Each structure stands twice: as structure tokens, then as C-alpha cells.
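Q: Going line by line, the protein sequences match chains U, S, Z and W. Note that the working numbering has the first sequence beginning at 19, numbered continuously upward. Note that the working numbering has the second sequence beginning at 42, numbered continuously upward. Note that the working numbering has the third sequence beginning at 4, numbered continuously upward. Note that the working numbering has the fourth sequence beginning at 10, numbered continuously upward.
Hints were generated in silico from the structure; no laboratory data involved. Just to be clear, a hint being listed does not mean it is correct.
Some chain S residues close to chain U (C-beta under 10 Å, calculated; not the full set) [unchecked claim]:
no., residue
1, Ala728
2, Leu729
3, Gly733
Everything numeric in this text was worked out from a predicted model, so none of it was measured. Note that CB positions come from ideal geometry on N, CA and C, so glycine has one too.
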Amino acid sequence: MIQDFLFQAFAASAILGAVIMVTRRNPVSAVIFLVGVFFATSGMFLMLDAHYIAAINVILYGGAIMVLFLFVLMLLNLGHADWRDLRGPVGGLVGGSISIAFLGVLTRLFVGGADARPVVEIAGGALREAAAEQGVVGVVARPLFQEYVIVLEVTGVLLLVAIVGTILLARGERT
Amino acid sequence: MSLGAVTGSGSLVATALGGQEGAGAGFQPVLPWLILALPLLGAAVNGAGAFLWRDDKRIPTIVGPAALLGSFAVVLLNFIAMSGAEPHGAAVVGLWNWIVSGDLRIGVDLQFDPLSMLMCMIVTGVGSLIHVYSVGYMRDDPGYSRYFSYLNLFVFFMLVLVLGASFPLMFVGWEGVGLCSYLLIGFWYENREYANAGKKAFIMNRIGDAGFLVAMFLIFTAFGTLDFIPVFEAAEGTLAYGGALVTGITLLLFLGCTGKSAQIPLHTWLPDAMAGPTPVSALIHAATMVTAGVYLIARTSVLFALSPVSQGVVAAVGAGTALFAASIAIRQYDIKKVLAYSTISQLGYMFLAVGVGAFTAGVFHLMTHAFFKALLFLGAGAVIHAVHHAWAHGEDGHGDARHGDPNDMRNHGGLRKYMPRTFVFMWVATLAIAGVPPLAGFFSKDEIIWYSGVYGTPILWGVALATAVLTAVYMARLMVMTFHGRNRTFGHGGVAEAGRRLHEVPAVMWAPLALLAVLSVVGGWANIPEALPLLPTVEWLHHWLEPVFAPAIAVKEAHGFAPEYRAPAGGGEALWAGVSAAIAIAAVVGTVRALSPKPVPTEAESEAPTGFARVLHDKWYVDELYDRAIVRPSLALWRACWRIVDAGLIDGAVNGAGRAARLLGWAGGQLQTGRVTTYLVAFMLGALLVLGVLS
Amino acid sequence: MSEAGLAGALGVNGLIALFVSAILFSIGVIGVLLRRNAIIVFMCVELMLNAANLSLVAFSRMHGIEGQIFVFFVMAVAAAEAAVGLAIIIAIFRHYEVVDLDRFRLLKW
Amino acid sequence: MALYDGHWILTALVVLPLVGGAACLLVPEARAKTVALATTLVLFALSLPLFWTFDTAESGFQNLVSIPWIEAWGISYAVGVDGISILMILLTTFTMPLAVAGSFSHIRRRERAFYAMLLFLTTGMIGVFVALDLFLFYVFWEIMLIPMYFLIGVWGGERRIYSAVKFFLYTAAGSLLMLVAIVTLAWIFQDGSGAWSFAYDDLASLELGRRAQLWLFGGFALAFAIKVPLFPFHTWLPDAHVEAPTAGSVILAGVLLKMGVYGFLRFGLPLFPAAATDPAVVNAMLVLGLIGILYAAWVAAVQPDAKKLIAYTSVAHLGFVVLGVFGLTTQGIEGGILQMVNHGISTGTLFLLIGMLYERRHSRRIADFGGIAKVMPVFAFALVVVALSSVGLPGTNGFVGEFLILVGTFRTHPWIAAIATTGVIFAACYMLPMVQRVVFNRLDREENRTLTDVNRRERLILAPLLALILLIGVWPGPFLNRTRASVEALIEHVETRTASAPPVEAASVEPSSVEPVLIEAPSVEAASVEAAPIAAGSGATPAHISKSAVEAGEGE
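All chains, please: the whole structure from these sequences, using the hints.
A: Shown next as C-alpha cells:
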């Protein structure tokens, strides 16, 4: 019961945080609220028995990536509010309608899609049992290093390429 | 030249013709190919000479006339051989297959029959004389070699025209002579007028040639062959008498004739053709090429005999042209123009003759006309030559512009004193053409007048008679203006200077004149009418040509042709011969009497004629009419085709399509703003679409 | 029936998670389209990624652990993307001295 | 002659220019022209025996070679020669050395690429004439387009880009439809027999319904009509000709324009006999040809640019050829083929001559000349002879072709032929004034006084052309001989197939009671179903080809 309440609280704060983040003129406060959203979703991950994902969501997203954003904001000295940042009514109308359309389509997709598929036997409980058996990390690590090992390695290469690319791009024209 | 092929191909034709060929069995042509080869060789040698030894005049001087004389000698041999063989039918000599395609076979076959031999005699005989004359006339021309090359080539094509045993081969000669005519009219191509005249001649001839071509197609479709002998033999069986097909064929052929022989409505090129050197006018535009139309009708006499309508048209056009051209000739000042219209008029006579069915008379007049008209032209050439030299060898060397046109008779006058020989020869020719007995023209023209009345209608007869009067008048006027009275070459007061400068032409020029003068006298004796049996050669030409024209006469007789031999106004041939001779003499004498006392103004002094005389002087404004009604509208239409249809409509559509594509591309390009947001919107709409379709 | 079936498979929380995911994603969309600042647009993209992750995790309760594995990879790629993206923004800023998306039209040659 | 049994020769003719072209790209700039000339001369020498050893009695294909290429789709490298293509091949190999030699002093930049393009173009042209597989044919057809595009676009005159693009788009637009038609044809064949094939004999053995024939014929016809070019698809030609370098114009006139009519003869008539003899189609083609003859002559007569004038005369001449082909008589088609050769020679020479003038004077405007005969007598002589050939004066090649065409067409369509005959008048109306204004009249321009007559190289180029003009004019036998058997077989094929086609459709209907229009196949689908049964019967044909190919292999 308390868990359900917590979950719904996380959900509500995630939505709230997202709304605030989108509407902030000051980029730094947008970053702060985004970090809040990430924390809220991490909480939801936890409640959904994805403990490992919850952890790295906090560390990776909430920590590393958002800090990176902050660094860039500071580096470029963009940390102040800008009136021109928000679009006018036309942009709002276009963005709003597309957004609402997305909401509708996604909702229909989730509901209808779930309806179309046969309900699989693995319920929330099964995942929890596996976690109890293999550990919170193990339940993710086993398939990762067994079935998906090649994908994992490729991801590693991708990160390497990203590192090189980032350095090259960020280094600029200096010779 | 493979003789095996010659006889082989020839016999092929002979067997195809069956028994008819038996008539020609007695006559085998001697060296037939040499007749053609010599002028062609001459043309080639002289043509090469025009490039290689342009300044050396010895080679063309020898080769040019020699090629013709050689050819004439061979023709003469054959002529004698043919007259020795009785009956003298047709012999066909095949040289090689020209066009063979499906059931169409056109051989390079030569047909030797009385008609073609007679024509060959005229072409090579008169041609030889004119070649010799040209040696003198063209002596100082820088294009001497080229001239002889063209002239030889012309004779070659003329012989092909005459000897060709099929319509297409005749057409080769037909267009070939047109080409040479074009080249020779525009011989002095630096003068734009002259070059234009050549072009005009070619194009007007082409109009007729198109008719000739379509006629050939009709013949081939009807007969399955284009060889003369099979066509003529099958004609009566294949074509209905007076039917549309034969009328169409013959009228189209006649269209070809009007082009080549300068009959109404395609006559306007011939006067302009006088731009060429005068011997050319004599050979091509008087004696030979322009008579090809008459020859064609004579050759296809069977077909024409089958179509009374066409015959009527031919006769009417011939008579009309004769009168029309004669009326113009009366008011011309250019000596060559007078002769040109005279030629058109005389050709009209010939068409009148073949039109009413007097084929022999037409060919007879063709022959005598070749003699006296060539003589007239060469004489005129001598006059022009003399006047030109008198002017050109003046103090400043080139006085043409100062003095005027050497062709203009107003610049002549009194030449009798300076050019006595030419004067005599010219009078012989004049009397011949006027129809004064016993000269050539009397017999031939009288025959035409007689038959136009007997075979034709009273109107044709009247026109023929009227034209005879006009002929005598304009010729006498020409003689008076040129040779009589006082000399005006150096103005009215320049008689003394004229005496120093004007001379008789050299022997190489007057000798051919003399020979032609003899022929102009005796030429008519070849066909003495039965009514006037003065010589043993009564109806000789008639008999000679009988094998050629007998089928046509037979056709006509089979369809109710039975003329009564008396003139429309009554009386027999002898009577009317006497009458027409009297008319001619009276007209000549009258004109000389009337004109001689009158002083003639020089070219510079004379005023433009007025009234009806002006209409005649300006040739009834036919050229202007054609220019306004045909040439200019055509050019306007053609320009419109180019500017409006081609560049406007079609290219407009094409370029419009291109522009439309570019516009579409530009419109599409406008979607590419280059801003991320635009693409994001598009991307999201796309994602929505995909998701929407999926769900 | 579908509501009950889905709720039965995912639990009520799972269902809520899916709706939250949809809402977060839509908010991300509106942010991307509404903001001119490249960095904030970028952040909204991260928000959308996170929303997607949320639905993956929710469905992993129904279909098994692969959902979480996928999330792992998404995060790895997102990290790389964030790094490269920010580097690009820096490079652009260096050149134009501005991060307003409407000020440059680099996608058109 | 054992070595020369002909089977390798066609392939050699296709490949050699490719090799030569590559060699041109590799050798130093100054050597390129020599390599190109040598290649084309060898090519001509190689093709001559093809002419001598041609069996005039054989109506089918000779020197057949067929090697599978893309077997899954039934595509093979099949080449052969018959009476329709032999003269075209010879014309190509004859024209090429002259075109190359004619460019020696004209092309001064990027010589290597220029001569390589010429040689690549040769491959395409010969390939089109020898290909007996429709796919192969299409490949060569398109190969041809590219070098020509560059020849015009790179070495052309001022508006070269516009002209090159126009040329390319026009041609490509047509040929794409043809590709659709080819693939459809192969698909219909596959539908009936179960196997794909693009082989000519296979596809020619299909018996299609009338409606299907009309559609497919339309696809081919548009491509060919543009290439011919028939009015109103002709406007690319004047532009392309005017802007192209001399060699380009010579090849364009000499060979490329023949592709259209060749296509009609090789594919249009035999593959779709019912469509090609459909009165509406025939009349449309004849009328378009007729319009081409008259209209192009008129437009030519008022052109101020000599090259453009000659370009329009090409339209007129090709109009005659189309007339002959669709007159569907032996004389008409033979005349048409011969006239293509004639046009190639005469018009090619005219372009060479104008090119020579342009090199000296850098102008093509007729008004800029006059009296040239005085300073360039040999040139004037050549121009007059060629002009006369172009107007079809008897004794030159032009007459033989025109006469046969007209006499042939007259038998089936007298009125059209009769009107077309007036074309000979208009021919004189455009050609003679041009000749007069260029070589005759007074030499009144100072710049023209210093013009030099044609040099020895140019004389060597002109001599064989002039000789051929006269030779074909007086003795066309050897040329007509070689076309006869094939042309007669073609007409027979078309006639028998046309005669046999209606009963197939009319079988179910009372022949007398129903209008022919009503018994047409209702749709393309229905037509293709009709096509199905016969395709099985044609199984013998590929065997025939492969058999002769095997024999070919053994022969060597």
C-alpha cells in the first residue's frame, strides 16, 4: 500500500518535474528539474523491480550526463534566462498538437498493443524471484555477458568512437 | 566496260519483249556506250583541268569539242546503220542493272530507235558546233575549263535523257540536264542575279520533276515496270481510253514538260536563264534541253493518245504559251530575252503539234528550231561578243558600266556594216523562223499550223496563225534594231569610234554559224509535205519516225480519229502553205519597212514604255505575281513554322516541361529550410504517422 | 477486459508507469518543439529517452529481463550521444557564438 | 577466310573500340588522336569482310553468337547480323575514321577524353546494331547516350549545356518507356513459358493480342520516334547538331539518327506486327513522316545558320525513311535502309564541310560567307556535289533511296507518297540558296579572301565520301542486294503474322457479324493471357540460337 503510494508519488513528481523543466527559461534550473525527473523515474524503476537500472539511471543520467550538461552550460556561459528561448503561439500550437497526438497514439498503442498480445506468464513476481536467486546485478549481468555479449562489445566500440569524436569535435580548429 | 554484260543484259530485255523485238533485229547499235562515254570523259578531263591546269586552255580547247565530235561520229554511224536496216525498229542495249528491288528492275538500258537517233543527231551535231563556237566565245574567260566540263556533262546527260530506255533513266538525264543548266546559268556565279537565275531554273524545273516522279509511280503501280517498250505495249490493254489513270499519268508527265520546256505556268525561268553564256543559251535553252518536254511527249505518244483530255490540255497550253510568249517578245530590248521568249513561243508550237496528235510535226519543228534558234542565239552571241569587246578594249579597259548592257539592242544598230557575215546568217535564221519558204521553219511551222487546224480546233489554228505573224514581227524588229539603221554602240555620235572598235567575230565563231545557216535552209526539206512535192524527200521524216508514232496513231484511230484534211476555213494544205508563207513575208517586210525609218533611242535615252506596251515589256507581270502570291507567302509561312511552331510551340512545350520540373524542385527545396526544428516537426509527424498506422 | 488484462499482467503500477512514460514522452516532444535553446532541446531528447526507458522497464515485468537489457544499451548509447551532441553544440557555438536553433541553417547546403 | 568465319568478328567490333578508348585515355595527350584513328581504321578493316562474306540469300541472322550472361533472367550476350543491320554496321565503321580524322584540327583541349568518348560511342552504336537480346540492346542503347552527352556538353559550342541536357532528356524519356515495354515483353514471355528470356527470337515468337501490341509498340515507338526524329519530337536535333563539335554532328547525323528507324525495322515491325500494320498507326506514322519532310524542309529554308539548316534537312530525310518503312513494301523498306546510308554519307559530309568552314572562319552563319568558290574551289566542288546528293539528284545516292521509298510507298499509300514527292521541290528550295550564298555570289567580305582551300588531310576525308555518293548513285546493287532477303522475310513475317493474328481473336465471335473493334482484347491483362499458349511453342527458338552458338564455338 505504501509502496503503491510511493510509486504514484514518484510518478506524479516525474510528470510535475518534467513540466517545470520544459517551462523554465533558465537552462540551469531546467537541468536541476531534469535531474529531479531522473530521480523520480529511478524510484519508479525500483518499484518496478529494476533495481540495477534504477541505480545506473541515478548514477549515469542523474549524475554523469546532467553534470556534463551543466559543465557545458557554464563553459558557454549560457546559464541565464533568455526570453527568446520559448517559441510563440504558432510554435506552441504546433508543438502542443503534436505532443497531444503523441500522447493519444502512445496511449492507444500501449493499451491496444497489450491487448493484442497474449499475456505472458512471467509476471512481476517472477522477476523478483529471479533477482532473489541471482542477485539484483546478476539478473541483468547474466544475459548481458552471455547472450548479448557481442552487442555489449559493440556498444563499447561505440563509446570509444564517441570519445574520439567528441574530442575531435570539441577540440575545434586548434592545430 | 564488260561487253558480255552488255549483250547479256540487252538480250534479257529483248527476250522479255518477245516478237516485237524482231523489228530491230536488222539493226545492232555500234559502240553504243561510246556515245555516252565520250562526253562524260570530256567532262571529267575538263573538270579535273578546272582544278589542276586552270590557266592552260589548250586541253579543254581540244578535249571539249573533240569529245562531242567523237560522240557525233558514233551517232552518225549508228544513224546510217539504222537507216540501212529496214524496217528500223527499236534496239535496246543493256549496260548494267541500276536499281533492283523486289519486282522493280531498272536497268541502265539504252534504247536506239528512230526518235532517239534523230535526237542524238541534233544533240551531238548542234552540240558540236556550239562547242566549237564556244572556243572562240569563251576564250578570255577564267573559267574556261570549267565551262567545257559543264558543257560536256550537259551533253552527256542530254544523251542519257534521249537514249534512256526507261522512265527513271530518262529522268536521270532529265534532272542531269537541269543540273547542268543550273550550273551554266550561274556560270558567272559572282553576279548574284545570275546565280539567282540558276537557282530559279532549278527550282522551277523541280516542280515539274515532281510531277514526272509521281507519273512514274503511277506507271509502275499500273504496269509493274518502268521500261518504255513493255509499258507502251501494254498501255492499250492496261489503261482505259480516256480513263482517269492515263489522264493523271499524262497530265503529270506534262507538268514535267512545262517545267523543262518553259511552258505556262512554269515558263518564267527561261528568260532569266539568259544569264548564262550565250552558247549555253543556244545549246541548252534553245536547241536541246528545253525541247526535252516535246521529246517526252513524243516518246510517250501512246499514253497521250489514250487521253484526249491530256492532249487537249497540251495543245491548249502549247498554243497559249506560243501566243503569250510571242506577245512579250515584241516588246523586249534585250536581244537574248527576245530570243528566249521566241524559244518559249516556238516550244509552244511544238506542244501544240504533239497536243493535237501531229507528233511528227512536233518533232520536225523541234529539229528545225534547233538549227535556226541555235543560229540566232550564236549570232546574238557574236553581236554581244563584238559589242562587249568594242567596249572592253576601250581606253580604260573595262567600259561596260560606262556604256551599258551589251545585250541591249538599243546599244546595237547598224551592225550590218561591221559584222557582215553574222548579218547574213542571222537573216537566214530570221527568215527561217518567220516561216519564209523554202527555209526550214516554213515547212515545219506550216505543218504545225496545218495540223492544228486539221486535227485540232479552229481556235488553235487561229492562235497558231496569229503567232506566226507575231513571230515574223518580233524577229524582223530584232534584225532591224540590231543590224539596220545607224550604230548606237557609242552613242548616236560615235559611229567613227564604232568603226574602229567593232569587228566581225573570228572564224572559229562564224564557221559554226555558217554550218547552222546551211542547216536552217535545208533542214526543212527533210519532211516535204505531200501537197508540195518539190523534192524527193516527201514525208521522209514522217516515214522515219513511223515506227515510233504508229502505235499512238493506231490508238487514236481505234477511237474514232478520222480527220478530214481541210483547214477550218476551207482549202487544202498547199493553199494554206501559200497563205502562211505570204503572211510571213508580208509581216517581215512590213515590220522592216515600218521600223527602219524610225530612229531608235539608246538605252540611256529611252523612256519607259506606257500602256499595254508596258504590260508586254514587263512580261505580263507574271514574275511579280508569283513573287507576291507564292514566294513571299511561302517564306512567311516557313518563317512562321520556324519561329512559332518550332521555337514557340514545340520548344516552348519542351522548355516549359523543363521549367515546370525546375519549379517543382524549387518548391520542394523550399521545404528544406535548413533549420533543425523544421526537420524535427517533419520527423515527428512521420513518427506519428508510422505509429498511427501501426496501432 | 483489456484494462483488466493489462493490469493483471503488469500490475496497476505497471499500467501507471506506461501512462507516465507516454506523458513524459509527450512533454519531451513539446519541449523539443517549443524551445530554441539547443541545450534544452537536447535535454528534452534525454527526457524522451528516459520515458522510453520507463516503458521498457514496465514491459520487462511482463515479457522478461530483455527489457532491462535494452534499457542498459539505451543508456550506453544515450551517454555517447550526449557526449557527441554536446561536443557539436560547443563546436557550433564556437563558430556562431549562439545556440539558438533558428539562427543557423546548417542542414541545407 | 577460315580465320574469318565471322563469329568472333562482331564481338571484336564491339570490344575493340572499348579497348581503343581506354588506350586513348592512357597515352599522352598528343598521341590520343593517332590511337583513335588507328583503332577506327582497324575497325573499318575488320568490318569490310563482314560485307564481302555476307550471304545475300540468307534472310536470317548470320554470324550468330549467343552466350548466357545473366541466366536467372534469361539475359544473354547474343549478337548477329542480317540484311537490315549489315549496312548500318558498315556505315558506322566507315563514318568513324572520318569523324576522327575530321576532328584533328578542331579539338584542341582534353583530346584524350574526346577520342575516348568517340570510341566508347562506337561501341554503343555497333552494339545496338548487332544486339539480338533486348536487354543487351537496351544496355547499348543507353551506353550510346552518355558519350554523346559529353561530346556535346564538353566540346560543344556556346549553348552546349542546354543542348546536351535537351538531347539527354529527350532521348532518356523515350528510352525509359522502351525499357518498360521490354521488361513487360519479357514478363509476358515468362508468364507463358515459365522461363525468363530477353532473346530476340523468343520475344519475336510471342503472339500478342492486338491491344497489348499497341501498348508495347507505343513504348518502343516513342523511343524510336524521338531518335529518328519524327515531327514533333525533333527539336532536340537542331540544337544538338548546332552545338556539337563536328565529329559529334557527323556521328549524330551519320549513325545515331539511324537508330530510330533501325529500331522500327528490327523491333517495332517484327515484334508487334498487328500494331505496326494497324491502319491508324501506319497512317499516323506516315503522316508524321510526311509532315517531317515538308515542315522540316520549310523550316530549313529560312535558317540563317548553316548547321541548323542541315540539321533540319536531316529531319526531312529521315521523314522519307519513315515513309518508306511504314509503306511496308520491299521497295520502300529497301529504299529506306539505303536512304539511311545515303543520309549518313551526305549529311555527314555536309557537317564535315561546314566544320571545315567553321575552323577557318569561326562562323556558321550563312550570311557571313559568299563567293567562297573563288578561294576554295575544291571545297565548293565538294559542297555542290554533296548538296546535290542531299536534294536527291539522279546519279547521286540520294535519288536511288528517295525513288525507291516513294515508289514503294506509292503502291500502298499513293496520296501520301504523292504529297511527299513535293519534298523534292522544297529540298531544292533550302539547299540551293544555302549553297549559293556560301560558295557563289560575290566574294565581298574581306575576311573570306584569305581562306585557304581544303588541305590534304581534308581531301583524304572527303574523297571516299564523294566517291561513295556517286558509286551508290549509279550502282547501288551491292548494297540493295544485301538487304533484299532480310527485307522480304520481314515483310512476309509481318504479313503472315498480321494475317494470322485476327483469327485468334475472332475465333469465338462470328466474323461477319461483329465490328473488328469489338473483338479487341478488353485489357492488357486479357491480352497477355492470350499470349500465354503460344510461348510454349517457341521453345524451339532458343535451342536454335544456342545450337548455332555451339557450332560457332566448334568452328574455331
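Q: So which hints don't hold here, by number, going up?
A: The structure conflicts with no hint, since it agrees with every one listed earlier.
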